[in-house]
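Asks: If you want the building blocks of each chain, they are given just below.
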Amino acid sequence: MMLLADILSSTLLFAIPLLLVALGGMCSERSGIINIALEGVMIIGALISCLILGQLNNAYQTACKMLEAGEGLSGWWALVYRLIHDAPQLAVFAAILAAALAGVLYSLLLAFASINLMADQTIGGTALNMLAPAFAVVLTWAIQGQGNTTILIPNWTRITVESSGAVYGAGFGQSVQAFFEKFLFKSMYLTTPIAIVLLIAVSVLIYKTRLGLRLRACGEHPQAADSVGINVYKMRYIGVCISGFLAGIGGLAFTVAAGSGFQSTVAGYGFLALAVMIFGNWKPLSILGASLFFAFFKIIGSYSSSIPFLPSFEGVKSSEYIYLMLPYLVTMILLVLTSKKSRAPKAEGIPYDKSTR
Amino acid sequence: MNKRGLVNVAASIISILLGMLFGFILLEIFNPSAALNGLNNILTTGLRTPEKFGKVLYTAAPLLMTGLSVGFAFKTGLFNIGASGQYTVGAFFALVAGIQFGLPWYVCILAAMVGGAIWGAIPGLFKAFFNVNEVITAIMFNWIGLFGVNLALNNMPKMLASFWGAPYKNKTAAISAANKSALLPKLGLDEVLNSPYINIGIFIAILFAIITWVVLNRTTFGYELKACGYNRNASQYAGINAKKNIVLSMVIAGALSGVGGALYYLSGTAQYVIEKTLLGMGFNGIPVALLASSNPLGTIFSAMFISYIQVGGDALQPQFAKEIIDIIIAVIIYLSAFSLLIREIITRVGAKKHALQENGKGADAK
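Heads up: the sequence lines are chains Z and V, in that order.
Going by my numbering, 265 is the number at position 264 of the first sequence; the sequence numbering is gapless.
Going by my numbering, 355 is the number at position 345 of the second sequence; the sequence numbering is gapless.
Source of the hints: derived by calculation from the structure; they are not laboratory data.
Owing to the predicted nature of the structure, the values given are computational and were not obtained by experimental measurement.
The beta carbon of each residue, even a glycine, is placed where N, CA and C say it ideally should be.
Take the hints with a grain of salt, since some may be wrong.
Facing chain V, from chain Z, some residues (calculated, C-beta under 7 Å) [claimed, not checked]: (1) T123; (2) L132; (3) A135; (4) M333; (5) S340.
As a list, the in silico SDA-like pairs of lysine to any residue whose alpha-carbon atoms are at most 20 Å apart [unchecked claim]: (6) V:K332 to Z:S343; (7) Z:K284 to V:N141; (8) V:K253 to V:L135; (9) Z:K318 to V:K13; (10) V:K332 to Z:Q147; (11) V:K236 to V:I220; (12) V:K253 to Z:S343; (13) Z:K318 to V:S172; (14) Z:K342 to V:N141; (15) Z:K347 to V:R242; (16) V:K62 to V:N47; (17) V:K286 to Z:G213; (18) Z:K342 to V:A138; (19) Z:K187 to Z:V205; (20) Z:K347 to V:N165; (21) Z:K355 to Z:M119; (22) Z:K355 to V:V359; (23) V:K253 to V:K286; (24) Z:K347 to V:Y240; (25) V:K286 to V:Y178; (26) V:K332 to Z:I144; (27) V:K286 to Z:T266; (28) V:K13 to V:K253; (29) V:K179 to Z:K342; (30) V:K179 to Z:M119; (31) V:K286 to Z:S303; (32) Z:K347 to V:N143; (33) V:K253 to V:G232; (34) V:K62 to V:Q327; (35) V:K332 to Z:A143; (36) Z:K347 to Z:T266; (37) V:K196 to V:Y178; (38) Z:K235 to Z:N117; (39) V:K168 to Z:S319; (40) Z:K318 to V:V283.
Kindly generate the complete structure, drawing on both the sequences and the hints.
Replies: In structure tokens, the structure reads:
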């Protein structure tokens, strides 16, 4: 039972970055731009937000030491101390906003190259994917000193049972309550509820608003959209910016999930999110399903040794690799089974040229 | 070289110069006192000693192969992001042939071609028959290939260094200990350059580049592959079997990456390390190909260039992170997106001038 709570909790934790980034990719592709730079955008989002969290934590530790030494806190130190001590989630929220903003700014580079300059979207995206981790290493190296390029995530970012103040499943007895506490609070960060809100917001935006309709039109038939007075360039900029917003937050969500701090990488999650997006058929709810599915199989892989009913492959050394392959293999099989129904936005990847109208 | 080619080269050189300038500005920002020396290191380390030059050639060989692989796929309208997996599987096949079966180096390279080709064929088959985007399949099979190779190596005791008396359990055996005939010949170059890195790998890679160029530009087969890349429907209408060509393109691209893996690990200076992260060499093929606009002959120079500044980047430490080099390369590629536009403007202006002259002539005749 507790193992199940563990697995479900980790599944949710790892599904969140995939969900956010795949949604971002969807918004961009629905407007006609293939955002292959998601991996890079994630890294930049994670870099900026982790730098902020790290610096806040340093200031907080200094403030704590000053208090211990019996000094009074004033000005900046008092502010930081009160922020982290009383409302740590406010600081996390600020970091999330910074991640989103950084993601938007970084993805503007892609938007400029692929919309204004009509450059090949793969080329621009590849360049940005290469730039981001290198920039992150160089910057953290310069800030933290030689060779020390890991930014640790402070403890106070996690939402715990105590800090949330609520009781879950209390009416159902001790074991159910323990299950819920483990499921919800083993590793709960502010990114999770925010991701769920963003999922709803994006679904509404794409399907229920005028902006969403126009955005989709630009991904299907930009010439037709242009002919009824829709500014294709503007729509595509909006699509790419939304993808940067979501992928930036996704980068932070990945870093808190990975658990070992920011190390200038998101381990290919940006590319996996592209796969999840295609698997989810460019639809928000299907993307949610796809990311939970993929994350579940990934977690099964890392828990394989402690799940009793899984075959243990006696006689095979390092059989954990079989389980590590599992999510990728299962996704491939499902992609084949669903590929008949798969339908990408028609005009994605093609730069819009007014003169071809 | 025709005019178009000249414009391409000029655009690439402008991008490179701007990228270098950007890198220098970064050096100035992060550590002004060491910046000039840093730039000097980037630009001259590769030629400073014969040993360093040997290292440039040594890392250029696998880069050239993965660059060719990505470029070949680009030319045929496919994005081969799976070079990393193909490179890994190719390396695995080469090492198994060399260590487990004790075969000579040229057989190992053939084995690597087969391994890479199989891994390249998979995304091609999925695209041709199930309509699954090759980028997704390739990403998935990068991981499947990595984990599969690690699984296989862990279950082949003879492949591991520990079998041959070395203390490592997470590395493959050193070729020099297991089977000397699988080492790439050095032809005495190591003594000339006084560098343990140099071997004939770079010449093999250049040979492959020339063959690839000939196939793409001088054969009907290459023409058909390119035609499929430009317009799948039109080529099908013209009687070209598009499905077959998609698979063949990926098979060839995979084989090229696979050879890259063989060239790197048969050198005797590198051992395959069992890790859970994808090998970067496959991804570095993408900038190599882009910098050369996917031209196989251009790839020779872009691979040399990237290898050269990477060797220079190693000399940057500890004042700077060597990743400054990656930033420079990324900026160069980003700018090459601009240069597409520059190229278009140049050709457009050229065409306009031409049209004006034609009009002028017509008016005179009247």
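Asks: Now tell me if each hint is right for this structure.
Replies: Quick rundown of the hints versus the structure:
Using the Cβ-Cβ criterion of 7 Å, the hint placing T123 of chain Z at the interface with chain V is satisfied: the shortest such distance is roughly 6 Å. Contact between L132 of chain Z and chain V, as hinted, is supported at the beta carbon level, the nearest pair being about 4 Å apart and thus within 7 Å. Because the closest C-beta pair between A135 of chain Z and chain V is about 3 Å apart, less than 7 Å, the hint holds. At about 5 Å, the closest approach between the beta carbon of M333 of chain Z and any beta carbon in chain V falls short of 7 Å, and the interface hint on this residue holds.
Annotation: S340 of chain Z was flagged as interfacial toward chain V, and the flag holds, the nearest CB pair being 5 Å apart, inside 7 Å. Annotation: proposed proximity of K332 of chain V to S343 of chain Z is violated, straight-line Cα distance about 42 Å (limit 20 Å). With a C-alpha separation of about 19 Å, the suggested pair K284 of chain Z and N141 of chain V falls inside the 20 Å cut-off, and the hint holds. Taken as a hint, the K253 of chain V and L135 of chain V pair is honoured in the structure, with Cα atoms around 8 Å apart against an allowance of 20 Å.
For the hint pairing K318 of chain Z with K13 of chain V, the CA-to-CA distance comes to about 59 Å; that exceeds 20 Å, so the pair is violated. In summary, the hint linking K332 of chain V to Q147 of chain Z is supported, as the alpha carbons are separated by about 11 Å, within the 20 Å threshold. Taking the CA atoms of K236 of chain V and I220 of chain V, the gap is near 17 Å; set against the 20 Å cutoff, the hint holds. Between K253 of chain V and S343 of chain Z the alpha-carbon distance is near 19 Å, which keeps this suggested pair within the 20 Å criterion.
For the hint linking K318 of chain Z to S172 of chain V, the alpha-carbon distance of about 15 Å falls within 20 Å, and the restraint holds. Of the pairs offered as hints, the one joining K342 of chain Z and N141 of chain V holds, with about 10 Å between alpha carbons and a cut-off of 20 Å not exceeded. About 16 Å separates the Cα atoms of K347 of chain Z and R242 of chain V, which keeps this hinted pair within 20 Å; it holds. Distance restraint check for K62 of chain V and N47 of chain V: the Cα-Cα separation of roughly 18 Å lies within the 20 Å cut-off, and the hinted pair is therefore satisfied.
Distance check on the hinted pair: K286 of chain V and G213 of chain Z sit about 40 Å apart at the alpha-carbon level, beyond 20 Å; violated. Proposed proximity of K342 of chain Z and A138 of chain V is supported: the alpha carbons are some 16 Å apart, at most 20 Å. A hinted pair counts as satisfied when its Cα atoms are at most 20 Å apart, and K187 of chain Z with V205 of chain Z does not qualify at roughly 31 Å. Distance check on the hinted pair: K347 of chain Z and N165 of chain V sit about 46 Å apart at the alpha-carbon level, beyond 20 Å; violated.
A C-alpha spacing of about 11 Å is found between K355 of chain Z and M119 of chain Z, which places the hinted pair at or below 20 Å, so the restraint holds. A distance of roughly 19 Å separates the Cα atoms of K355 of chain Z and V359 of chain V; the hinted pair therefore holds under the 20 Å criterion. A C-alpha spacing of about 34 Å is found between K253 of chain V and K286 of chain V, which places the hinted pair above 20 Å, so the restraint is violated. Our distance criterion of 20 Å between C-alpha atoms is met by K347 of chain Z and Y240 of chain V, whose separation comes to about 17 Å.
This hinted pair checks out: K286 of chain V and Y178 of chain V have alpha carbons roughly 16 Å apart, not beyond 20 Å. For the suggested pair K332 of chain V and I144 of chain Z, the alpha carbons sit about 15 Å apart, so the restraint of at most 20 Å is met. For the hint pairing K286 of chain V with T266 of chain Z, the CA-to-CA distance comes to about 13 Å; that is within 20 Å, so the pair holds. The suggested pairing of K13 of chain V with K253 of chain V is violated, with an alpha-carbon distance near 34 Å, which exceeds 20 Å.
Of the pairs offered as hints, the one joining K179 of chain V and K342 of chain Z is violated, with about 46 Å between alpha carbons and a cut-off of 20 Å exceeded. The straight-line distance between the Cα atoms of K179 of chain V and M119 of chain Z is roughly 50 Å, outside the 20 Å bound, and the hint therefore fails. Between K286 of chain V and S303 of chain Z, the direct Cα distance comes to roughly 12 Å. Compliance with the 20 Å bound is thereby established for this hinted pair. Taking the CA atoms of K347 of chain Z and N143 of chain V, the gap is about 14 Å. The hint holds against a cut of 20 Å.
A C-alpha spacing of about 15 Å is found between K253 of chain V and G232 of chain V, which places the hinted pair at or below 20 Å, so the restraint holds. Using a Cα cut-off of 20 Å, the hinted pair K62 of chain V and Q327 of chain V holds, with the two alpha carbons roughly 16 Å apart. Restraint check for K332 of chain V and A143 of chain Z: satisfied, since their Cα atoms lie roughly 12 Å apart, inside the 20 Å limit. About 32 Å separates the Cα atoms of K347 of chain Z and T266 of chain Z, which puts this hinted pair outside 20 Å; it is violated.
Distance hint between K196 of chain V and Y178 of chain V is unfulfilled; the C-alpha atoms sit about 27 Å from each other, more than 20 Å. Restraint check for K235 of chain Z and N117 of chain Z: satisfied, since their Cα atoms lie roughly 10 Å apart, inside the 20 Å limit. Distance check on the hinted pair: K168 of chain V and S319 of chain Z sit about 16 Å apart at the alpha-carbon level, within 20 Å; holds. Proposed proximity of K318 of chain Z and V283 of chain V is supported: the alpha carbons are some 17 Å apart, at most 20 Å.
When held up to the earlier numbered hints, the structure conflicts with 6, 9, 17, 19, 20, 23, 28, 29, 30, 36 and 37 and fits the remainder.
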